[in-house]
Amino acid sequence: MFKRFPLGFGVSEGRMGRFLVACMAMGFAALVAAGLAAAWSTAQNESHTRDVNHTYEVELAIGRARTLIEQSETARRGYVLTADPFYLYTYRKAMAQLPAKLERIATLTQDNPRQQRNIATLHALVDALAQQREQTIALTRNGNRERAVTLFQGESNARRMIILRAQSDAMVAEEQRLLAIRDAAQLASVRVFYATLAIAGLLLVLVAAATLLTVLRYTRDLATSRDALRDFAETLEEQVQERTADLTRANEEIQRFAYIVSHDLRSPLVNVMGFTAELESATTEIGALIDRAEATAPEIVTVDAWLAAREDLPEAIRFIRTSTQKMDRLINAILKLSREGRRVIAPQRLDVTAMVEAIAASLQTQIEARGATLVIDAPLPGLISDRLAIEQIFSNLIENAVKYLSPDRAGHIVVRGKTHGKRVTYEFEDNGRGIAPNDHQRVFDLFRRAGNQDQPGEGIGLAHVRALAYRLGGVIDVTSELGRGTTFRLNLPKIFVDPNTADTRETQR
Amino acid sequence: MTDHKSVSIVMIEDDEGHARLIEKNIRRAGILNAITHFTDGTTALDYLFNSEDGPQRNGPALVLLDLNLPDMSGTDILAKIKAADGPLRRTPVVVLTTTDDKVEIQRCYDLGCNVYITKPVNYESFATAIRQLGLFLSVIQVPDIEPKG
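For the record, the sequence lines run as chains L and G. Each residue of the first sequence is one higher than the last, beginning at 1 in the UniProt record's numbering. Each residue of the second sequence is one higher than the last, beginning at 1 in the UniProt record's numbering.
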């Protein structure tokens, strides 16, 4: 009858949470890696730019030095040819600037031993050249121009200049070579950067995709389980209705059974009672006979006969009578109970507060006689239910509370009520003598009573109350501590719905 | 009036003890009419409607009826006796049973029962009820069966 519903999710919540956190962590790690790669690449780029600038500076310095060497050469040649002091001046000026320029190159290429060697060679060349130039210039200044020209022609000047040019070219080439190496390094670092970026990007895309898929799947699972829950809730209602119908059916069966049994028990009881009465009248006759016999012929009256007629028979009849009377009361109680169960319920709007006040008023003398107080926590929530049944339940419970108060202390009884959604709970609390725990269920059974049997009663009241509560679609339970007090809790539907009519409505729909 | 046949009493009661107690008390009430006793519905109905010496052919009768019978419900017998065009519809029927259910009592009166007596377990009230029934029997005028044709 009860269906099983898949309440678990396809992805367990914990696992899915961990997976999402891992994805997020991976995504962030990828972002951090991309950022680091970018920073590293920028630093690389900067240093490369610095290197390129440096190379250009070196090249520029070499170019300048070479220009000065060329310029001084041209000026010297002019002076040797024309002996014009202007050329000499130009020559001197150029030569004066040259050492600074060479020094500059040396400073710039300090970290490069190869260039250092080159610059040393250059220095030597320039020095040799300068020495020879000074010779020709000195000759020219002394007026020996022809000698100077001859010296100039004979000297390996031109060749020396060529070597010098080659040397400076070599230096430039060296710088270019370094630049090329640095370019390659730069290119490699850029490649690494792009690779890192690509990997990080790919990772991000993957993580995003995985997260998206997980979230989608989770959402789908959630929707599925929500639907399952909704279905479950719907069937739950049906199950409750089914159960209630079952209970009602069982209750009806018991009522019918009780009715038949009580009837069939009554029939032989009529005989027992009837013939006991016959027996009694016969005993009277026999008693009279014994009396007469005693008077007229005492010798025929034996002790046994006298005892039988005067004591045994009346005693037996008395016991039979009390027993049958008790049995009759019990049968009547069952009959009353079953009849109550078969009564047609007529729901109507009930003012429970007024009802309880009326019950309290009817019990006022008993309450006062016991020096007790009854408090109604007004207003009590109202009901739409059967007036007679509710009245009987309430008066039974309140009567019980009054009846079983403890003689040790002033009685205090509280009646209160509370609405929960479609149901109402009423509480009947007293500080009476209480019920022992193993009697909590027993007190609701027919003919069963708990504690001292010092109060009149047949053990019917609470059985009746429970039958009525069931009949009205309610339940009743008890919490109690022996010697402390008892609380009966009655839970009823706010609006009585006849299970039979509810069923037909269900099938018609 | 004087020559009308004496009313015979038909008792339909499955419990021998009850039957005996009822008979005793009727006799104590001074009623001396003949009592025919049946313990089940089928033979009782057969007697009522078909028997040579049954009430249908032999004048007025009074039926004492128990509702709880082994083979049929007493109300069925009541319905048959009181059927609208039945020959025994004017025969008085006293329902004497343990049932004191209001609905059942109502139903018996609806079917045409003349008196309904609940068998009390208290013997004194039972005896009183029967004696009152005896008084009732002595005063009622049981009608003749309709002249045939």
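Since the hints were derived computationally from the structure, they do not count as laboratory data. Treat the hints with caution; some may be incorrect.
What the hints assert, rightly or not - Calculated cross-link-like contacts (lysine to aspartate or glutamate; reagent style DMTMM-like; alpha-carbon spacing at most 25 Å):
| no. | chain 1 | residue 1 | chain 2 | residue 2 |
| --- | --- | --- | --- | --- |
| 1 | G | Lys102 | L | Glu252 |
| 2 | G | Lys24 | L | Glu391 |
| 3 | L | Lys326 | L | Asp377 |
| 4 | G | Lys80 | G | Glu52 |
| 5 | L | Lys422 | L | Glu280 |
| 6 | L | Lys336 | G | Glu52 |
| 7 | L | Lys336 | G | Glu124 |
| 8 | L | Lys494 | L | Asp439 |
| 9 | L | Lys101 | L | Glu73 |
| 10 | G | Lys102 | L | Glu242 |
| 11 | L | Lys336 | G | Asp46 |
| 12 | G | Lys102 | L | Glu280 |
| 13 | G | Lys102 | G | Asp76 |
| 14 | G | Lys24 | L | Asp183 |
| 15 | L | Lys326 | G | Asp76 |
| 16 | L | Lys326 | G | Glu124 |
| 17 | L | Lys326 | G | Asp101 |
| 18 | G | Lys102 | L | Asp328 |
| 19 | L | Lys418 | L | Asp498 |
| 20 | G | Lys102 | L | Asp498 |
| 21 | L | Lys422 | L | Asp445 |
| 22 | G | Lys102 | L | Glu73 |
Hint by hint, here is what the structure shows:
Taken as a hint, the Lys102 of chain G and Glu252 of chain L pair is honoured in the structure, with Cα atoms around 19 Å apart against an allowance of 25 Å. The straight-line distance between the Cα atoms of Lys24 of chain G and Glu391 of chain L is roughly 45 Å, outside the 25 Å bound, and the hint therefore fails. Simply put, Lys326 of chain L and Asp377 of chain L have alpha-carbon atoms about 40 Å apart, too far for the 25 Å limit, and the pair is violated. Proposed proximity of Lys80 of chain G and Glu52 of chain G is supported: the alpha carbons are some 19 Å apart, at most 25 Å.
With a C-alpha separation of about 60 Å, the suggested pair Lys422 of chain L and Glu280 of chain L falls outside the 25 Å cut-off, and the hint is violated. Taking the CA atoms of Lys336 of chain L and Glu52 of chain G, the gap is near 45 Å; set against the 25 Å cutoff, the hint is violated. Taking the CA atoms of Lys336 of chain L and Glu124 of chain G, the gap is near 23 Å; set against the 25 Å cutoff, the hint holds. Restraint check for Lys494 of chain L and Asp439 of chain L: the C-alpha separation of about 30 Å exceeds 25 Å, so the hint is violated.
Of the pairs offered as hints, the one joining Lys101 of chain L and Glu73 of chain L holds, with about 16 Å between alpha carbons and a cut-off of 25 Å not exceeded. About 32 Å separates the Cα atoms of Lys102 of chain G and Glu242 of chain L, which puts this hinted pair outside 25 Å; it is violated. Note on Lys336 of chain L and Asp46 of chain G: the hinted pairing is violated, with a Cα-Cα distance of about 37 Å set against a maximum of 25 Å. For the proposed pair Lys102 of chain G and Glu280 of chain L, the alpha carbon gap of about 33 Å is over 25 Å, so the pair is violated.
About 18 Å separates the Cα atoms of Lys102 of chain G and Asp76 of chain G, which keeps this hinted pair within 25 Å; it holds. Between Lys24 of chain G and Asp183 of chain L, the direct Cα distance comes to roughly 140 Å. Violation of the 25 Å bound is thereby established for this hinted pair. Distance hint between Lys326 of chain L and Asp76 of chain G is unfulfilled; the C-alpha atoms sit about 34 Å from each other, more than 25 Å. Of the pairs offered as hints, the one joining Lys326 of chain L and Glu124 of chain G holds, with about 17 Å between alpha carbons and a cut-off of 25 Å not exceeded.
In summary, the hint linking Lys326 of chain L to Asp101 of chain G is supported, as the alpha carbons are separated by about 21 Å, within the 25 Å threshold. With a CA separation close to 19 Å, the supplied pair Lys102 of chain G and Asp328 of chain L stays within the 25 Å bound. Proposed proximity of Lys418 of chain L and Asp498 of chain L is supported: the alpha carbons are some 23 Å apart, at most 25 Å. Our distance criterion of 25 Å between C-alpha atoms is met by Lys102 of chain G and Asp498 of chain L, whose separation comes to about 23 Å.
A hinted pair counts as satisfied when its Cα atoms are at most 25 Å apart, and Lys422 of chain L with Asp445 of chain L does not qualify at roughly 28 Å. A hinted pair counts as satisfied when its Cα atoms are at most 25 Å apart, and Lys102 of chain G with Glu73 of chain L does not qualify at roughly 152 Å.
Violated hints, listed in ascending order, are 2, 3, 5, 6, 8, 10, 11, 12, 14, 15, 21, 22; each of the other numbered hints is respected by the structure.
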